[in-house]
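K.L.:
Below are the chains, spelled out letter by letter.
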Amino acid sequence: MRKLKRVFTYAFLVSAAFVSIFPFLWMIVSATNKSVEVTKGRLLPGSHLLDNFRKLAESTDLWTSLWNSAKISVLTTILAIVIASLAGYGFEIFRSRAKDIVFSILLLSMMIPFAALMIPLYRMFANISGNLPAIGIDTMASVMLPTITTAFLIFFFRQNSKMFPKDMVEAGRIDGLSELGIFLKIFMPTMKTTYAAAGIITFMSSWNNYLWPLIVLQSPEQKTIPLLISNLGSGYSPDYGLIMLAIVIATLPTALVFFLMQKHFVAGMMGSVK
Amino acid sequence: MLTMKADRTGLSIRAKSNLTGWSFILIAVVMIATFYFYPMVQALILSFKTGTGSNLTYTGGSNYVRLLSDKTFLTALSNTFIYLIIQVPIMILLALFISVLLNDSKLKFRGFFRTAIFLPCVTSLVAYSVVFKYLFAADGLVNSLLMKLSIIQEPIQWITDPFWAKITIIFAITWRWTGYNMIFYLSALQNIDSSIYEAARIDGASSFKQFTKITVPMLKPIILFTSITSTIGTLQLFDEVMNITKGGPGNATLSISQYIYNLSFKYTADFGYAATVSYSIVVIIVLLSILQFKVAGDKK
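Chains A and B, in that order, are what the protein sequence lines are. Following our numbering, the residues of the first sequence are numbered contiguously, the last one being 274. Following our numbering, the residues of the second sequence are numbered contiguously, the last one being 300.
Just so you know, these hints were derived from the structure itself, not from any lab. Incorrect hints may appear among the rest.
Simulated coverage check for chain A against chain B, where a stretch passes if three residues somewhere in it have a Cβ under 8 Å from a Cβ of chain B [what the hints assert, rightly or not]:
hint : region
1    : 15-22
2    : 59-73
3    : 81-90
4    : 101-111
5    : 202-211
6    : 234-247
Quick caveat: nothing in here was measured; it's all calculated off a predicted structure. From the three backbone atoms N, C-alpha and C, an ideal C-beta is built for every residue, glycine too.
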C-alpha cells in the first residue's frame, strides 16, 4: 500500500512536471526548425535557428519592439518602486488615523478591474493628446502612467516596513539626518530584499502587459514585444519557426530574472499574504 | 524634552512630522486617485450616455436596459461563469494536491518538481497563448499525439468547435496558473506543525481524512485569498481568449473584457455602452468577494 502510494506520487508529479515543461521545450526546439518541420511535428532540434533569426530581424520590428519594451519596463519598475516605497514607508512610519483611512481607500482600488478603467483612461489620454502630445496616445508615457502606481505595491512596502526597526529612524534623527535622508540612507539600503522582490514583480508585469499597450499604442514604431507576438500569431500563414523564436526571445528576460533571483521572486509573490 | 516647542514655521514638531508623513505618500495618492478613482467615476458617468465616438448624450438608464437583453453580453457573461465555475476549483484542487505531495520532506527531486510546475508563471500571457494556439491546432501536436496513441480516431477541433474551444481555454489558464497557486499553499503548509499530522496518524486517520480535516481547514485563509484573486483574474480574462480563439467560434469563448474591448475599439466606438458593460464586472467582483468572505471566512 505504502509502496503503491509512493509510485503514484512520483508518477503524478512527473506527469505534472512534464506537462508544465513540455510547451517550453517545444517552443525552444521549434525555434531551431523550419516552419514545415514544425507542422510535421518534429521534436528534435534543427539547424534553422540562425535562418529564423535573420528572417525575424528582417521582416519584423523585433529590435524596435524589444527596445520599447525594455525602456518601458525598466522605467516603470524604477518609478514604481520609488513611489510605492515612499508611500509604504510614510504610511507605516508616520502612522496616523487619517493616513490609515486613506490607506484603506487606496486598497479598494485593488478591487477595480482594468476592464472598467480602460475606456475612461483611453479617453483621458486621447484628450491630453491635443495639448500635450508627449504624454498623449501612442507614447511611452501613456503606457506607463496608469501602471506605475498600484495599491498592491504600496501595501507590499508597508507590510515589509513593519519589519524595519523604528529605532533606526530615531537614530537617524539624532544624527541630524533629514526625514528624506533617513529614507534614502537608512531605509533603502536596509530593505534591499524588499526592493528586489518588488522590482521583479513590477518588471514582469510591465514586460508582459498586453491589453493597455494594445489600446494606446498604434504606430508600429511604438509597439512592445507582446504586441509584436500577438500580431505574428494572428497571421494567416504563420511561419512557426520564426514565431517560436520571437516567443523564446520575449520569454528570455523574465525567465532569466526568475532563475537568477528565484528566492526574491517567490518572496515578491508571497509579500501580499504575509 | 524639547517636544512641542514651536519651530520657525510656527508648527509644532508633531504637526511637522505629520506633514512630512503626508508628503511621503502624496505622489502615490495622487497617482491612484488620477488613474483609478477618477476614471471609475468617469466610467459611471459614461455608462449613462450613448452615442458614437465622442458624440455622447445622456440617455438615463437605457444602457442598463439594453444590457439585460443583449445576447452577446449574456453569452460573454455565461462563458465567463463557465470558466469560473469549472476552471477555478479544478486549479485550486490541483494546486492543493500537488503542494501536499511536495510537502513530504522524504520526497526526492522536490526542488525540481517545484520549479518545473512553477515555470509556466514566467511566460507572458500572450506568448503562452500563441504557443497553446499552435499546440491545439487541428493539425497540431496535441492531436497528432492523441491519434498516434489511438486515443482518438479523428482530430479534435480544439479551436474551432464551440465546446472544445472552451476546454482549450480552460486547459491553457490551468497550465499557466496552477504553479502560481501551488507556491502559496506550499509556503502555508510549511507553517503547519508536523506533530498534528503525527497525532492524526496515530489516531488512525487516513491520508484523505488528514487532507480534509487538517490541511484544508488550516489553509482556509490562503485558499480564500487565492480563490478571490483567481476569481478577479478570470472575470478580467482577455489575453488568452484574444490570442487563442479571438472569442470564437461565433462568440463561444468571448469574455466580458473582450466584449468591452470590441465595443470600444473594434466596432464603431460605443464608449457609453462599453462602460455600462464594464460596470457589470465591478458589481460581480464586489458581490462575489462578499460571498466568498461569507462562505469561507466565517471562522476566521
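K.L.:
State for each hint whether it applies.
P.N.:
Quick rundown of the hints versus the structure:
1. 15-22: holds (count 5)
2. 59-73: With 0 residues closer than 8 Å to chain B, the region 59-73 of chain A misses the three-residue bar; violated.
3. 81-90: holds (count 6)
4. 101-111: holds (count 4)
5. 202-211: holds (count 5)
6. 234-247: Since 6 is at least three, the answer is holds.
Of the numbered hints stated above, the single one contradicted by the structure is hint 2.
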